[in-house]
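J.: Chains A and B are the protein sequences, given in the same order.
Residue numbers for the first sequence, in the working numbering: 1 to 378.
Residue numbers for the second sequence, in the working numbering: 1 to 378.
Hints were generated in silico from the structure; no laboratory data involved.
Using N, Cα and C, we set each Cβ at its ideal position, and we do this for glycine too.
Watch out, some of these pointers could steer you wrong.
[Claimed, not checked] Calculated pairs, DSS-like style, for lysine-lysine (alpha carbon to alpha carbon, straight line, at most 25 Å):
id : chain 1 : residue 1 : chain 2 : residue 2
1  : B       : Lys292    : B       : Lys363
2  : A       : Lys9      : A       : Lys49
3  : A       : Lys292    : B       : Lys212
4  : A       : Lys321    : A       : Lys352
5  : A       : Lys306    : B       : Lys212
6  : A       : Lys212    : B       : Lys292
7  : A       : Lys79     : A       : Lys20
8  : A       : Lys212    : A       : Lys306
9  : B       : Lys223    : B       : Lys175
10 : A       : Lys212    : A       : Lys313
11 : B       : Lys292    : B       : Lys375
12 : B       : Lys226    : B       : Lys9
13 : B       : Lys36     : B       : Lys13
14 : B       : Lys313    : B       : Lys363
15 : B       : Lys223    : A       : Lys306
16 : A       : Lys352    : A       : Lys147
17 : B       : Lys306    : A       : Lys212
18 : B       : Lys351    : B       : Lys313
19 : B       : Lys9      : A       : Lys212
20 : B       : Lys306    : A       : Lys4
21 : B       : Lys175    : B       : Lys321
[Said to hold, decoys possible] Some chain B residues judged to face chain A by a derived CB distance under 10 Å, without partners named:
id : residue
22 : Met1
23 : Tyr5
24 : Gly249
[What the hints assert, rightly or not] Chain A is nowhere near these chain B residues, computed Cβ spacing over 10 Å in every case:
id : residue
25 : Lys79
26 : Lys212
27 : Arg216
28 : Gly237
29 : Arg336
30 : Glu347
31 : Trp367
There are 2 protein chains.
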Amino acid sequence: MSTKYVFGKDKHKKIGELLKPLAKKVLLVYGGGSIKRNGVYDDVMASLKENGIASVELQGIQANPRYEKVVEGVAMLRKENFDLVLAVGGGSVIDTAKAIAMGAKTDDVWSFFANGGEPEAVLPVATILTIPAAGSEVSPDAVITNKDRKLGYTSLQIRPAVSIVNPEIFMTLPKNQIANGVCDMMSHIFERYFTQTEHTDLIDSLAESTLKTIMRNALILMKDPKNYDAWAEVSLGGSFAHNGFLGCGRVQDWGCHGMEHELSAEDEKVAHGAGLAVLTPAWMRYVYPENKGMFFQFATNVMDIKSERDTDKTILAGIEKLQQFFVALGQPTTLRELGFTENSPLEQMAKKGAGEGFLGNFKPLYWQDVLNIYKACL
Amino acid sequence: MSTKYVFGKDKHKKIGELLKPLAKKVLLVYGGGSIKRNGVYDDVMASLKENGIASVELQGIQANPRYEKVVEGVAMLRKENFDLVLAVGGGSVIDTAKAIAMGAKTDDVWSFFANGGEPEAVLPVATILTIPAAGSEVSPDAVITNKDRKLGYTSLQIRPAVSIVNPEIFMTLPKNQIANGVCDMMSHIFERYFTQTEHTDLIDSLAESTLKTIMRNALILMKDPKNYDAWAEVSLGGSFAHNGFLGCGRVQDWGCHGMEHELSAEDEKVAHGAGLAVLTPAWMRYVYPENKGMFFQFATNVMDIKSERDTDKTILAGIEKLQQFFVALGQPTTLRELGFTENSPLEQMAKKGAGEGFLGNFKPLYWQDVLNIYKACL
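Turn these sequences into a full structure, and let the hints steer you where they fit.
T.: Laid out in C-alpha cells, this is it:
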C-alpha cells in the first residue's frame with residue numbers, strides 16, 4: 001500500500017510540507033463550497049503558500065462525478081505545467097482528480113475506462129479527505145460517469161501518493177452523508193469478504209473486525225456526530241476497507257457495486273450508499289444458498305447471531321439484523337423509496353449492468369438474476 | 001507499507017523476474033545449508049541466471065546474528081559493485097542483509113545501531129523468507145549483536161523493497177523452530193497491543209484477530225507441520241504482526257523484547273522465541289494492575305475466557321491460558337529451563353537492559369522491575 005497515509009487532528013495543515021518534495025504547482029480540485037465554509041480551503045491555501053507551491057483551481061465536482069469535468073481538468077493540464085493533482089473532497093472529487101491525472105499525456109482518458117490499458121504517464125495525486133466513504137484516498141480505483149455509462153478503472157498508477165485524513169473535518173457532515181459513507185465502506189468489505197475461496201482465516205477475521213468496529217462506531221455518530229474518537233474509528237476503518245489488504249488471497253465479488261452503479265447511472269440523485277443499503281440484504285438473501293457456511297460465519301461472527309441448528313434461520317437472522325442496522329442509519333429498504341417503480345427500466349438496467357456476461361463472483365449474476373434482485377427490492 | 005509482498009506457492013521462483021528492474025548484480029546472503037537441501041538455493045540461482053542477474057555469496061549467518069558478518073559483507077560491497085542485497089533466510093539473515101545494505105557508503109554501520117541517525121545511502125534489500133517469525137521481511141528494523149550488545153535499528157531506508165513468502169518452504173521446519181517463530185510473531189503483536197493509549201478500537205480488534213488466527217493455526221502445525229493452509233495463515237499473520245499497521249495510533253511497549261534481548265545476548269543458545277515465551281506471562285502478571293481494562297479485554301477477546309465479576313481472576317485466567325498455549329507448543333515456562341540460575345548475572349543483565357532509564361511503556365520497567373521479572377521466571 002504505497003500511499004503515504006497521514007492521519008489525525010490538524011493534519012490537513014501539513015499538506016504544503018508533505019507536497020513540497022513532489023510539486024511546485026498543483027491543480028487543486030474540489031466540489032462545492034463546504035471546504036470554504038469549514039475553513040479547510042483557507043488552511044490548505046495557507047499551507048501551500050507557506051511552502052512555495054502554486055495552485056490553479058478546478059471546482060464544482062458533484063456526486064457521481066461526470067466525465068465533462070475530467071475533460072475540463074485535462075484541458076487545464078495542456079495549458080500549464082502541473083506537477084500533481086490535489087483533491088480536497090470525497091470520493092467524487094478524488095476520482096475526478098485521478099482521472100484528470102491520467103490525462104498527463106493523452107486527451108482521451110475515457111478510452112481507459114471503456115477499454116482498460118495503462119496511460120503512458122499519470123501525474124501523482126494527493127488527497128485531503130472531507131468525507132470517509134469511497135476509500136478512494138487509498139485505492140487504485142476511480143469511477144466516472146460519461147453520459148449513461150458509469151465505469152470504474154483500476155491501476156496502481158492512480159493510487160494517491162499522499163492522503164491526509166483528519167477526523168475533525170467530518171464533524172459537520174449531515175447524518176444522511178454519514179449513513180451513505182458507512183454503507184459504502186461496509187460494502188467495500190462485503191465485496192471482498194463474501195468469497196468462494198477457501199482457507200482465508202486471517203483476512204476473514206480482519207474483515208469481520210473492521211466491519212464490527214465501523215458498525216459500532218457508526219451508531220455512536222448517529223447520536224453524536226461530533227464524536228472525534230468514533231469518527232477516527234470509522235474513517236480509519238473506511239480506509240482499511242478499501243486499501244486492498246482485506247482482498248488478499250481471495251476471489252472478490254463486486255456484484256452489489258455493479259448493480260448499484262446502474263441505479264445511480266439511471267438516476268444521479270440516488271446516493272451510492274443508499275443504493276447499496278437497499279441492494280445488499282436482497283443480494284445476500286438471493287445468493288446465500290451458494291455457500292451457507294460463508295453466510296453462517298457472517299451471521300455469527302459479524303452480526304452476533306446466536307447460532308441455531310437451523311442454518312437457514314441463523315443466516316436469515318443475520319441478514320435481517322444487517323438490514324435493521326441500515327434502517328437505524330436512516331437508510332431505505334426498498335428501491336421504491338429511491339424513486340424506482342414497476343415502470344422503471346429495470347430490465348434495461350439489469351442488461352446494461354450484467355452485459356453479455358455476469359456481475360459478481362460469489363454467485364455469477366446474469367441479467368436475469370440482477371433483474372430478480374431489483375424486483376425483490378421494489 | 002512499501003514492500004512489494006509476493007505470497008504463495010512457487011513464488012520464490014519469481015525472484016529473478018522481480019529483481020530484474022532493480023539489479024544486475026546482487027550480494028546473496030544466507031545461513032547454513034538448509035536452502036541447499038530443500039532446493040530453494042537451486043531455484044533462486046536458476047531464476048537469477050535466467051534473468052541475467054549475477055550474484056556473489058555470503059553464507060554462514062547464524063541465529064542472533066553477529067556484527068562480524070556485517071563487516072564481512074560491507075567489505076564485499078567495497079570490492080565489487082552490487083545493486084541490491086538479497087537475503088534468503090529467516091530474521092537473522094534478513095537483518096544481516098539490512099545491516100550490510102546500510103554500509104553502501106560507510107564502513108561503520110555499528111555507529112547507527114549504537115547512536116541512531118540515517119546512513120547517507122542504503123542499498124535496496126530483497127528477501128525470500130525461509131522461516132516465519134521475525135517479521136523482518138516487511139519491517140524497517142534490524143537487530144544485530146556486537147560483542148555483548150544486542151541492539152536494534154529502525155529506518156524506512158532498510159525496509160525490504162521486495163519480499164517473497166512461500167509457505168511450502170516452511171513445511172520441513174522442526175517443531176521447536178515453528179514454536180519459536182510463533183512466539184516471536186505473537187510478541188510483535190503483544191508489544192503493540194498492550195498500550196495505555198485510549199480509543200484504539202479498530203487496531204485492537206485487528207490485533208486480536210491476528211493473534212487468534214496465528215494461535216489456532218499454530219496448534220494445527222504442531223500436529224501436522226506440512227499443512228499448507230495452516231502455514232499460509234501463520235506466515236501471513238507473522239508478516240501482518242510486524243508490517244506496522246497493528247501499531248498505528250498507539251504508544252507501543254517493547255519491554256518483553258528488551259528483556260529477552262539480554263537473555264540471548266548473555267547466552268546465544270537461548271532462542272528469542274523461547275525467551276519470549278518465558279518472559280511474556282511473567283511480564284503480564286507484573287504489569288496488569290496498571291490497566292486492568294486492557295488485560296480484561298485481552299483475556300476475554302483473545303483468550304476466550306468467560307468474564308467474571310472478579311476482574312483479577314478473569315485476567316489471571318487469561319494469562320494462565322496463554323502460558324498453557326506456549327506449553328502446548330513445547331516452550332519452557334522458566335528461565336531455569338533456558339540455563340539460567342540464581343548464580344546468573346541477572347542484576348547485571350537487568351541493568352544493561354534498562355540502562356539509565358527504563359524498558360517498555362505500558363509500565364516503565366526500571367532495572368529493579370526487570371530484575372523482579374527475571375527472578376519471578378526462575
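J.: Would you check the hint for Lys212 (chain A) and Lys292 (chain B), treating anything up to 25 Å between C-alpha atoms as holding?
T.: At roughly 23 Å apart (the allowed maximum being 25 Å), Lys292 (chain B) and Lys212 (chain A) satisfy the hint.
J.: For Arg336 (chain B), which was marked as not at the interface, is the minimum beta-carbon distance to chain A over 10 Å?
T.: The claim stands: Arg336 (chain B) keeps its Cβ more than 10 Å from every Cβ of chain A (closest is about 35 Å).
J.: Closest CB-CB distance from Arg216 (chain B) to chain A, is it above 10 Å?
T.: For Arg216 (chain B), whose nearest Cβ neighbour in chain A is about 7 Å away, the distance does not exceed 10 Å, so it is violated.
J.: Going by Cβ atoms only, is Tyr5 (chain B) closer than 10 Å to chain A?
T.: 9 Å, holds
J.: Is Lys79 (chain A) close enough to Lys20 (chain A), meaning Cα to Cα at most 25 Å?
T.: Given pair Lys79 (chain A), Lys20 (chain A) holds - Cα atoms ~22 Å apart, limit 25 Å.
J.: Against chain A, does Trp367 (chain B) keep a CB gap of more than 10 Å to every residue?
T.: 35 Å, holds
J.: Taking 25 Å as the top limit, are the C-alpha atoms of Lys223 (chain B) and Lys306 (chain A) close enough?
T.: It is violated: about 31 Å lies between the C-alpha atoms, which goes past 25 Å.
J.: Checking one constraint from the list: CA of Lys175 (chain B) to CA of Lys321 (chain B), max 25 Å. Satisfied?
T.: Answer holds: Lys175 (chain B) to Lys321 (chain B) is near 21 Å, not above 25 Å.
J.: Is the interface hint for Met1 (chain B) satisfied, with its Cβ closer than 10 Å to some Cβ of chain A?
T.: OK, holds: Met1 (chain B) within 10 Å of chain A, min 5 Å.
J.: Lys292 (chain B) and Lys363 (chain B): Cα distance at most 25 Å?
T.: The hint holds at about 12 Å.
J.: Take the C-alpha atoms of Lys9 (chain A) and Lys49 (chain A), compute the straight-line distance between them, and say whether it is at most 25 Å.
T.: OK: Lys9 (chain A) and Lys49 (chain A) at ~21 Å, within 25 Å.
J.: Can you confirm whether the C-alpha distance between Lys351 (chain B) and Lys313 (chain B) stays at or below 25 Å?
T.: 32 Å, violated
Comparing the model with each numbered hint stated earlier shows that hints 4, 15, 18, 19, 20, 26, 27 and 28 do not hold.
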